[in-house]
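Novice: Here's the letter readout for the chains.
There are 2 protein chains.
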Amino acid sequence: MQVLRCESTQMSDRVMMRCISCRDEYGTRDAGTCKECYEEASETEEELKREIEELKAKVAFLRFWSPLDHQHSRSSPSHSFTDVVLVASDDGFGGPVAPVPVPAHKAVLVSRSPVFKAMLENEMEESRSGTIKISDITYDALRSFVNYLYTAEACLDEQLACELLVLAEKYQVKHLKSYCEKFMVSKLNWDNSVMSFAFAHQHNAKHLLDAALSLITDNMDKLTKRDEYIELVEKDPRLVVEIYEAYLSKQVNTAAHKDSNMKP
Amino acid sequence: MQVLRCESTQMSDRVMMRCISCRDEYGTRDAGTCKECYEEASETEEELKREIEELKAKVAFLRFWSPLDHQHSRSSPSHSFTDVVLVASDDGFGGPVAPVPVPAHKAVLVSRSPVFKAMLENEMEESRSGTIKISDITYDALRSFVNYLYTAEACLDEQLACELLVLAEKYQVKHLKSYCEKFMVSKLNWDNSVMSFAFAHQHNAKHLLDAALSLITDNMDKLTKRDEYIELVEKDPRLVVEIYEAYLSKQVNTAAHKDSNMKP
Numbered sequence: 001m002q003v004l005r006c007e008s009t010q011m012s013d014r015v016m017m018r019c020i021s022c023r024d025e026y027g028t029r030d031a032g033t034c035k036e037c038y039e040e041a042s043e044t045e046e047e048l049k050r051e052i053e054e055l056k057a058k059v060a061f062l063r064f065w066s067p068l069d070h071q072h073s074r075s076s077p078s079h080s081f082t083d084v085v086l087v088a089s090d091d092g093f094g095g096p097v098a099p100v101p102v103p104a105h106k107a108v109l110v111s112r113s114p115v116f117k118a119m120l121e122n123e124m125e126e127s128r129s130g131t132i133k134i135s136d137i138t139y140d141a142l143r144s145f146v147n148y149l150y151t152a153e154a155c156l157d158e159q160l161a162c163e164l165l166v167l168a169e170k171y172q173v174k175h176l177k178s179y180c181e182k183f184m185v186s187k188l189n190w191d192n193s194v195m196s197f198a199f200a201h202q203h204n205a206k207h208l209l210d211a212a213l214s215l216i217t218d219n220m221d222k223l224t225k226r227d228e229y230i231e232l233v234e235k236d237p238r239l240v241v242e243i244y245e246a247y248l249s250k251q252v253n254t255a256a257h258k259d260s261n262m263k264p
Numbered sequence: 001m002q003v004l005r006c007e008s009t010q011m012s013d014r015v016m017m018r019c020i021s022c023r024d025e026y027g028t029r030d031a032g033t034c035k036e037c038y039e040e041a042s043e044t045e046e047e048l049k050r051e052i053e054e055l056k057a058k059v060a061f062l063r064f065w066s067p068l069d070h071q072h073s074r075s076s077p078s079h080s081f082t083d084v085v086l087v088a089s090d091d092g093f094g095g096p097v098a099p100v101p102v103p104a105h106k107a108v109l110v111s112r113s114p115v116f117k118a119m120l121e122n123e124m125e126e127s128r129s130g131t132i133k134i135s136d137i138t139y140d141a142l143r144s145f146v147n148y149l150y151t152a153e154a155c156l157d158e159q160l161a162c163e164l165l166v167l168a169e170k171y172q173v174k175h176l177k178s179y180c181e182k183f184m185v186s187k188l189n190w191d192n193s194v195m196s197f198a199f200a201h202q203h204n205a206k207h208l209l210d211a212a213l214s215l216i217t218d219n220m221d222k223l224t225k226r227d228e229y230i231e232l233v234e235k236d237p238r239l240v241v242e243i244y245e246a247y248l249s250k251q252v253n254t255a256a257h258k259d260s261n262m263k264p
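Residue numbers (full-length UniProt numbering), protein chains in the order written: chain A, 1 to 264; chain B, 1 to 264.
Which copy is meant is left open, so a pair is good if it fits within one copy or across any two.
No more than 27 Å apart at the CA atoms, straight line, and that leaves these computed lysine-lysine pairs for DSS-like:
| no. | residue 1 | residue 2 |
| --- | --- | --- |
| 1 | 49 | 206 |
| 2 | 174 | 133 |
| 3 | 49 | 35 |
| 4 | 170 | 187 |
| 5 | 182 | 206 |
Hints are computed from structural coordinates only; laboratory data are not their basis.
Quick caveat, the model's predicted, so the values are computed rather than measured.
Model the full structure from these sequences, guided by the hints.
Specialist: This is the structure:
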């Protein structure tokens with residue numbers, strides 16, 4: 001009798017349910033949700049997807065054609081109603097060729113950047129002349145920068161991301177700065193970690209700084225052999241101190257965590 | 001022995017699992033998903049929410065301050081760099097007061113509406129004078145219309161939704177048209193259904209038309225007593241024919257559906 005009871009318990013343990021989603025059978029240990037919660041979650045997912053579609057349509061509506069697209073379209077440039085040009089001021093550096101101006105609308109620049117706003121609304125030189133000179137930047141980066149102000153889109157590579165982050169910091173275009181940072185974090189690896197850390201420090205990119213610092217302090221044993229490390233000690237030892245401080249604080253935290261886990 | 005087996009089967013039927021989401025117990029009949037599918041779905045939900053946050057930030061970036069906000073801000077109107085005004089041409093109708101012009105940027109109008117684009121790029125009267133007259137519209141509707149072109153937002157009531165839909169149709173601003181239609185569908189009821197149907201017909205609002213027609217054909221028995229119906233027969237009998245055709249087609253479909261369900 002006892003044996004039989006035991007059998008029946010075993011049977012009940014083996015009872016399987018069928019998953020609505022993957023259609024596989026599952027037992028008690030792999031239980032997920034009840035039907036009601038599953039249906040609720042499915043509805044939520046549908047709602048979120050609808051919201052995404054609506055937001056995408058809104059972005060498509062609000063997204064400006066860029067005056068750069070316009071340059072290549074059939075309509076004449078005068079039809080883009082631009083009232084200012086931006087010039088990469090070191091583009092024609094020493095050469096006989098004048099830098100190519102990038103046309104734009106004051107209204108767009110002013111709405112995207114508080115720096116352009118102050119510049120253009122306060123009757124400064126740039127507002128009077130209708131020309132904004134931007135130094136230390138390539139023509140391609142300037143084009144991408146202006147294009148981003150109209151479209152919130154850029155086709156980044158690592159070099160362009162650096163250049164645009166610098167511009168975004170300078171003209172306080174937060175959305176672009178975080179866009180570039182996200183890209184650079186996604187490209188972060190051991191080889192570029194020290195350079196990225198120094199770059200992030202210089203340009204006040206907190207998100208990138210934290211990610212680089214975390215990668216570096218996870219590999220401290222390999223750090224001191226690196227050329228970039230030796231160079232950084234030479235050029236900016238305070239940054240190296242920051243790395244060691246972060247490492248130390250991580251060790252202390254890990255120890256405290258272990259300690260609290262070992263307590264009964 | 002047989003009885004015992006039976007008992008054990010009953011037991012296994014009564015085996016309960018605990019839902020990860022609501023923490024209630026559930027049996028075989030209420031089975032939702034397995035743990036793996038639940039975890040996958042939760043991840044998907046998190047991803048969708050992140051995407052929504054990103055899109056919202058993009059909308060906030062692309063959203064223009066409207067020149068209307070600007071009018072009320074501390075900065076002088078000349079700082080909004082507007083280059084065109086819109087005027088509700090029947091606003092000062094017969095009165096001594098000139099209509100209040102709504103300032104805007106040609107670049108914004110052109111990017112949001114193919115009609116404005118054709119008007120302003122082709123050196124028409126409006127482009128030369130810098131004034132666009134818009135007839136049969138109140139000043140408030142015009143303000144909301146221009147504001148929408150900058151922000152993709154409007155605070156609608158039923159009257160404003162009608163006026164904006166008419167403007168959106170006239171200037172081919174699809175995003176606004178569908179925004180108004182959605183609002184009007186949400187406000188659709190038996191009392192306004194015939195009017196909404198006629199309005200949707202006149203302004204080519206397919207989504208609203210279908211919704212109104214469906215509501216009307218669901219209540220055909222009450223239709224012919226309505227004043228709006230009698231008026232519509234008088235004014236535009238072809239629309240009434242359309243209602244009857246939709247009703248007939250619905251009946252035929254329902255019959256065919258019942259028929260196919262009754263087949264063995």
